[in-house]
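Guided by the hints, dock chains E and B onto chain Y, whose structure is given.
One-letter residues, chain by chain:
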Amino acid sequence: MSVALAAARLHGPHIDWGGLSPILALLGGAVVVLLVGLAPRREVRRLVASGLALVAFAAALGCTIWQWDASKSIVSGALRVDDLALAVNLILVSAGAATVLLSWRARASGEAGHGEFYALVLTSTAGMSVLVAAQNTVSLFLGIELLSIPLYVLCATELHRSPSLESGLKYLVIGSVGSATLLYGLAMIYGATGSTDFDAIASAIASGGLASDPLLLTGIALVVVGLAFKSSVAPFHQWTPDVYEGAPTPITTFMAVATKAAALGIFLRFFDVALVSAQVSWAPALAALATISIVVGNVGALGQSSLKRLLAYSAVAQAGYLLAGVVVSTRAGARATVFYLAVYLLMNLAAFAVVVARERETGLGDDIAAVEGLGASRPWLAWPMTIAMLSLAGIPATAGFVGKLFLIQASADGGYTWLGVVIVVGSMVSLAYYLRVVAAMWMRPGPSLGATEAASPYPAIAGGSPEADPDAIGTSTPAAPPAGDGGPGAGAREGFQPEVVGLALAAGAATVFFGIVPSPLVDLARAAGNSLLGLF
Amino acid sequence: MPLSILIWLPAAAALLGALAPRRGSYPLTGWFAFAGSVGALGITIGEIAGFDPGHSGLTHVTDQLWIAGLGIHYKLGLDGLNLFLVALTAVVSALAIGAANRRRWERPRLFFLYLGLAESAVLGALMAQDLILFVAFFDLMLIPFYFLTGQWGEENRVAATTKLVIYTLVGSLLMLAAAIATGVLVSTNTAHPLSFALSDLQNAGGIGAGAGLSAGSQEWIFLLFAAAFLVKMPAFPLHGWMPDGYRAMPLEALAIFSGVLSKVGAYGFLRIVLPLFPQASVHFQTLMLVIALASILYGSVMAFTQTNTRLILGYSSVAQLGFITLGIFALQPQGAQGAVLQMVNHGLVTLALFLIVGLLAARAAGSVDLRDMGGLALRAPVLSAIFLIVALATLAMPGSSNFVGEFLILLGVFRSKLAIAIVAFTGVVLASVYMLRTLIRAMHNRLGTRAESREIALADALALVPSTLVILGLSFYPQLVLHRSERSTAAAIAAARATAQPSQTARAPLAGASAPQPARTSTLGAGATHSGATR
Amino acid sequence: MLRSYLPALVFLLLGGVVGLAFALLNHRLGPHRRVAHKQDPYECGLPSEVRRGFRFGISFYLVAMLFILFDIEVIFLYPVAVRVRAFGAFALYETIVFIVLLAVAFVYVWRRGALEWR
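Protein chains in written order, with numbering that gives the first Met the number 0: chain Y, 0 to 535; chain E, 0 to 534; chain B, 0 to 117.
Same shape as in the complex, but just chain Y (with noise of 0.2 Å):
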């Protein structure tokens, strides 16, 4: 037999080069951008390794629009390469090249070396990507982990910040925790179903009748906590604030934005693909999660004072209205979620634009008194800001109104109208704070000159900020650039930033773009929402 063997010829397995090329394309930027950042000289390593970070990503938005409207199954069944993957990987890609232009400046980069940093954000990407195509237990977890390691790592890159090493620190343990639990019930639903491939997983309980099997149960329920961790839905929530806030702000960005789309990409895949016939028993919980979240995310959010803290409430609220299109598991409810996320990004990017841009220009740090008087002192800031607030909040005009349009609709349409009333309810309880943010913009009047300019006349926030001190921490950091007049907050002195002033703009206008014009956006989510085929 062993002859045979030896003598028989044995191929090398079929391989998609297409369906992976996003993912190649990332891990492949990864290793030469990490390669870059060895470079001898300070700016070489800056320039050439964000600007091969942005090429990166350029190339796997490229490949993923070059495979759209594919259907196919690529790595042995591991990965599921369509238009729901590849959509969400359109808005994990765009979120990736938006963080690399909010880090260009950014001092985390700098005191993490650039090749790191652009390395790490390339392989957390690369990681959703595979998080959002797998069709497998195990390509879920391996998915979760490699978007995971690395975000620990960068939450913590401010090395001379400890807010930033003790979000990365405060990440680590709660995300070990959550992929813990969520290891444990995929474990359940192996031993419950006997397979890790999502079909059969699919078959085996409808065929079994296993929708009420305990073991399946149990499984299910952990595998919603551990997922409920990563994409923050209350009350697995708590580190969400702290992290957020803790992290350095681009960073904050790349998680809000990009770990949410992943984390709720694969809900969709999950709990629409693999446990879709067990959706009498898992949607209720789900609901009353999504509900928890709306209720938690925006009561939390009331009383904020430091920008990042309320968005990262906001960012808990906002998952749970997107729960609300995986819970109806339909194809509107997939399509008002892949909807949302797009919108979810473009509102995102704007306001974390602006609170990068205030961070290095005041001093403040992201205290709401940052962007006070940013209306008069800053149009082209505010404009941003301004309709990020307001398309969060649900206006008109905005694609945040047209998002909440189809989750609402979605909601109602799946027998869920409860659900839609309360994401109505959430969004007018998050009225209060994000009005607060616009009117501290337009009706406020701005820091006075010499605020922005020498010492911060705000004592006790300045005091209380991490930004409070920079210049001791500046002059011990290679990048940090040098004290200038050696006054309180210099060091985080910036001025013209055209790349986040330009970001922020562009997603400002997108957001207008698509509330007026939603129908490039919607095809996108319809395409995402009908490949899953099981739904109806």
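Just so you know, these hints were derived from the structure itself, not from any lab. Just to be clear, a hint being listed does not mean it is correct.
[Stated by the list, open to error] Across the chosen pairs, the derived CB separations fall in these ranges: (1) Y:W379 to E:W219: 34 to 40 Å; (2) Y:L301 to E:L222: 24 to 30 Å; (3) B:V99 to Y:G76: 26 to 32 Å.
Glycine included, each C-beta is placed from N, C-alpha and C at the ideal position.
For chains E and B alone, coordinates are given in the frame of chain Y:
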């Protein structure tokens, strides 16, 4: 002429103005915005002149699929119901924007951009023939006022504007949920594809017959819609935002807000609630009448006790919109027609009154308080005369168009609920009490300590006199409105009437844009005089 | 079904009993002499000079970890080497890619100074 041009002209002109170069140190934005709204006014006058009173159903329909997946249409149309409200919007906006050009604003480009946007959004809400499109415009028209109040308002502006927006958006978000539920339920119940076009909702499901929506669904949906509209008006228990908002808003913006935006709520009842949810409308008729009555009494009494002229006008609006609601929910053709006429009347007098308040404040050292005024008529006979005319119109002096409106409303209520009509009459009396008190304390009595009597300037008169002339013109010829709105208002309440009085179903067929209306349920035709109308 | 676990249970019990029996017997029957060297970890060789509070340098862990990583990754090369003729060119390409990746990691580690003993 496509209605889109009419809708977007003011916003486009204001945007152009915001981008235009400045002349000297002050940009020309204001005049661009003014030109835009005058253009809109011109188009509207053309529409009124060319409107065929015998035509029923929509004209100038624009219908495009806006969001394909949800069956949401960008559908606009003009009929007798919204024609005069569109005209009112155009008149009020043009004059208010013109008047606003008299002042020098901080950041004028933004100010006039918001005014232009506001006018466009209101026009859109009035002409929208799709449920979601209506909700979108309804929400959108609030946003400019949020910024107008918050940035250019008086003291406490930020708190006031936040309150205003939260109150009204809470209402309209609930309405959004209700609107989506309507579309989804109708499409589920009738197996028609999802569509939010009003005509589809009415025809496809045969809602009038109660096939599209069960009575239970209609009721909760009705309540959500009613909440949104009553907040916007505002009506008595939901008016909490009004005092702060009216105190803080810049006067020119307030003229548009009070004159036009509040009418969109009442219009929503006629355009959407009565045709789509007739059973619920009948079910809640008494509740709505009681709310309207409470608004009339509460508004009148509060207007009498205030000394801040902005608040007097605010509470008088509460009372007047109570009358309008009363007329609508009388579910009688006369009542609905009176409501439409009264909406136009009230919008016109509100504009004039707020412009006058601005002039009075300029003569009373910037104060809008009655106690700081007094004796202002001394050297200002023209201003005084204009104020008198407007005040008499407001208190519905016989001979004024407001009298016709209130008379028709009360006639309608008499036919359906006698007791309520009798109580409502006291509102008419109270209106004359608070209006005359305001007139006398501002213009006559002893000259206020810091006040100074000055005649109206020519430029101010350019804004004020046209609005007064329109009021006078309408008083002489209210049939202009009554003729053209007759068929459409009858159609609007037909479904609800059919539900209320099944025996009349044969005579008043169900509402439907496509079905021609042979019904002559109203006898208010060419022969009606403005002293009243009888069957 | 549980019956098939019975031998395992018996085995566990037997193991415990025998082990315990020997320990007890030793304690009972064996001689007891108390000498200081008896308390040492090892009864032969030099006394340990390392104190309890001693910590290994961080570089030790780093190098150890890198060693394990590279070591284990190289293990993957053996099966391919054995069967490379059967797999043909595909395996060769795969191996080359694999080695390139390892080389990148090595260059990175080297250039970042992780191999320098500090």
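Evaluation of the provided hints:
| no. | hint | in the structure |
| --- | --- | --- |
| 1 | Y:W379 to E:W219: 34 to 40 Å | 45 Å, violated |
| 2 | Y:L301 to E:L222: 24 to 30 Å | 27 Å, holds |
| 3 | B:V99 to Y:G76: 26 to 32 Å | 28 Å, holds |
Violated hint: 1 only; the structure is consistent with all others.
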